[in-house]
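**Q** If you read the sequence shown in our numbering, its first letter stands for residue 1, the second for the next number, and so on.
The set of hints was computed from the structure by calculation and includes no laboratory data.
From a predicted model like this one, the values you see are computed outputs, not experimental measurements.
From the three backbone atoms N, C-alpha and C, an ideal C-beta is built for every residue, glycine too.
Among the clues, some could well be false.
[As the list claims (entries may be wrong)] Distance condition first, Cα-Cα at most 20 Å in a straight line; then the derived SDA-like pairs of lysine to any residue:
#, residue 1, residue 2
1, K29, G47
2, K29, V69
3, K29, L40
4, K29, I74
5, K29, S19
6, K29, I66
7, K29, L73
8, K29, C15
9, K29, E46
10, K29, L45
11, K29, F75
12, K29, T71
13, K29, I70
14, K29, I17
[Claimed, not checked] Just the calculated beta-carbon pair ranges, DEER-fashion:
#, residue 1, residue 2, range
15, V42, W4, 19 to 29 Å
16, F75, Y26, 32 to 42 Å
17, D25, M1, 43 to 53 Å
18, V56, V35, 33 to 43 Å
19, I70, G5, 28 to 38 Å
20, I8, P50, 14 to 24 Å
21, I70, V41, 17 to 27 Å
22, I2, D24, 36 to 46 Å
23, D54, Y26, 32 to 42 Å
24, N53, F27, 33 to 43 Å
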Amino acid sequence: MISWGPIIFGFIFGCIIGSRFRLDDYFNKTSLLVVFILALVVAYLEGAFPFYNDFVFSTGFASAAIALVITNLIFGRKKNSNSRKNTD
1 MISWGPIIFG FIFGCIIGSR FRLDDYFNKT SLLVVFILAL VVAYLEGAFP
51 FYNDFVFSTG FASAAIALVI TNLIFGRKKN SNSRKNTD
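Work out the full structure: start from the sequences and follow the hints.
**A** This is the structure in structure tokens:
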């Protein structure tokens, strides 16, 4: 039986964190893909919680990684146009 608690809380946490990332020259969509792949590897290496035998990976961590990518692509903060304003 699937334990929905870690999945829901991981998704909510990933939504909060993913909406706060700003895509810029340093952190672009390619680096977001690398973070997602590494997060899935970490979820696999972390394993399931002690008494959860549903999957071989941490469902809470994996759902947080999925939510981070989805909300960053949908609601991610845009570049700040005022930061490069010429003040001459």
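**Q** Which hint numbers doesn't this structure obey?
**A** Checked against the structure, the hints that fail are numbers 1, 9, 10, 16, 18 and 19, while the rest are satisfied.
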